[in-house]
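**Q** Spelled out, the chains give:
There are 2 protein chains.
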Amino acid sequence: MAENYVITIGREYGSGGREIAEKLAKSLGISFYDKNLINKVAEKTGYQVDILDKADEKAAHPLFSAYNIPPGLDVGTINDRLFSCQSSIIKELAQKESCVIVGRCADYVLRDMNNVLNVFIQAPMEARIARIMDRYLIDVPNIAKKEIQREDKIRRSYYQFYTDRKWGGNLGHHLVIDSSVLGVDGTVDLIRYMAGKRFGL
Amino acid sequence: MAENYVITIGREYGSGGREIAEKLAKSLGISFYDKNLINKVAEKTGYQVDILDKADEKAAHPLFSAYNIPPGLDVGTINDRLFSCQSSIIKELAQKESCVIVGRCADYVLRDMNNVLNVFIQAPMEARIARIMDRYLIDVPNIAKKEIQREDKIRRSYYQFYTDRKWGGNLGHHLVIDSSVLGVDGTVDLIRYMAGKRFGL
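Going down the list, the sequences are from chains A and B. For the record, in the first sequence the residue sitting at position 175 is 175 according to our numbering, with numbers rising by one throughout. For the record, in the second sequence the residue sitting at position 124 is 124 according to our numbering, with numbers rising by one throughout.
Keep in mind the hints are simulated off the structure, nothing from the lab. Hints may contain errors.
Since the list can't tell identical chains apart, any single copy or any two copies may satisfy a pair.
In the DSS-like style, the derived pairs of lysine-lysine whose C-alpha atoms are separated by at most 30 Å in a straight line are [stated by the list, open to error]:
(1) Lys197 with Lys153
(2) Lys145 with Lys44
(3) Lys197 with Lys23
(4) Lys153 with Lys166
(5) Lys96 with Lys145
(6) Lys146 with Lys166
(7) Lys23 with Lys58
(8) Lys145 with Lys166
(9) Lys153 with Lys35
(10) Lys40 with Lys145
(11) Lys58 with Lys166
No experiment lies behind these values; they were computed from the predicted model shown.
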């Protein structure tokens, strides 16, 4: 049996990273994980999905620690518990199946595993503004821009809090690509090309 | 006649970036520019090649300004003169032929031109150490590592001095790739694949 491989995808907000990741998984015929990892965490911990959802991909805010911690769990913020449990699940999944994982510091979580390709998707601000305006039917570019900056800030502080690495296209990534050059489908093809060479697909 | 296109290649020291760039140019059948740009600058300015060579890809050191400035040229460090003249030559070349240009802030110099693909090559420190040890017959990994850190520092301060941008895989690059994943030839193929899609080759 061929070994499993994992493609992790980090992404700037509005770069189309999630859509690219989903199409990539589909075209390779492998599993796709992003927000849906929360359901597995909920099953395992007993937390409610909507509470986990608020903490998803966020570093702990001091106020979050006010949530009640279900009995039997270690004390810590819900964000920390989510990160820790999600990390275990990511490691288990990576052992048993090939998959694409979006965000969740998966590149860091799987840093000791072979057969991982770490990709980061970015795009110029104008392209991201256009994408977010289109997607959320926003009329004013500046509103989209503020939302992008806010979301990037949340992702950055989440990533840096749990990994001590710099967020964004950087060390630890094997490929960083500007999705505005080839578009969503062209970017999927490029990553697929690299994964094919890397994993002998 | 098809439009010209330019591929700029920035690179960490020891990542194999120059070799990748040269092979890429060869495989595309287009011109290759790196240190050889200095000869064109020498022709144009009357500076001696060996003096230009010392200033190549370096931000001005205060002592460099002690070099005599040939009559008729603006006052400024030789590094500034080199950068300015080299930038004009890069712009002229980009207008008249397709080419691959290594370093020299070419991504920044050509920022207003269409048909430019900006690539940055990086690699993990261990891979770079191995490459430099092999290339310069160095026996001690730490000596190679110090040389790498020193060269990166020079390139970083040169790039940041003239562009006000952060050096390294970052905004302004369309593709950042870790050359240790696919090796020199595999990395050439990947960039070629992307350039082919981008420029309709």
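**Q** Work down the list of hints and note, for each, if the structure agrees.
**A** Cross-check of the supplied hints:
Within a single copy, Lys197 and Lys153 get their C-alpha atoms no closer than 34 Å, and across copies no closer than 33 Å, so neither meets the 30 Å cut-off. Proximity of Lys145 and Lys44 under a CA criterion of 30 Å is satisfied in neither setting, with 37 Å inside one chain copy and 45 Å between copies. Both within a single protomer and between protomers do Lys197 and Lys23 lie at most 30 Å apart by alpha-carbon distance, with minima of 19 Å and 19 Å respectively. Taking the closest pair of Cα atoms, Lys153 and Lys166 come within 30 Å of each other both inside a single copy (12 Å) and across two copies (19 Å).
For the homomeric pair Lys96 and Lys145, neither the shortest alpha-carbon distance inside one copy (40 Å) nor that between copies (37 Å) is at most 30 Å. Taking CA atoms no more than 30 Å apart as the test, Lys146 paired with Lys166 passes in both settings, with 22 Å inside one copy and 23 Å between copies. Proximity of Lys23 and Lys58 under a CA criterion of 30 Å is satisfied intra-copy only: 25 Å inside one chain copy versus 44 Å between copies. In this assembly of identical chains, the alpha carbons of Lys145 and Lys166 lie at most 30 Å apart whether taken from the same copy (22 Å) or from different copies (22 Å).
Taking the closest pair of Cα atoms, Lys153 and Lys35 come within 30 Å of each other only inside a single copy of the chain (19 Å); across copies the shortest separation is 40 Å, beyond that limit. Taking the shortest alpha-carbon separations for Lys40 and Lys145, neither the intra-copy value of 33 Å nor the inter-copy value of 43 Å comes in at or below 30 Å. Within a single copy, Lys58 and Lys166 get their C-alpha atoms as close as 15 Å, and across copies as close as 26 Å, so both meet the 30 Å cut-off.
Hints 1, 2, 5 and 10 from the list above are not met by this structure, while the remaining hints are.
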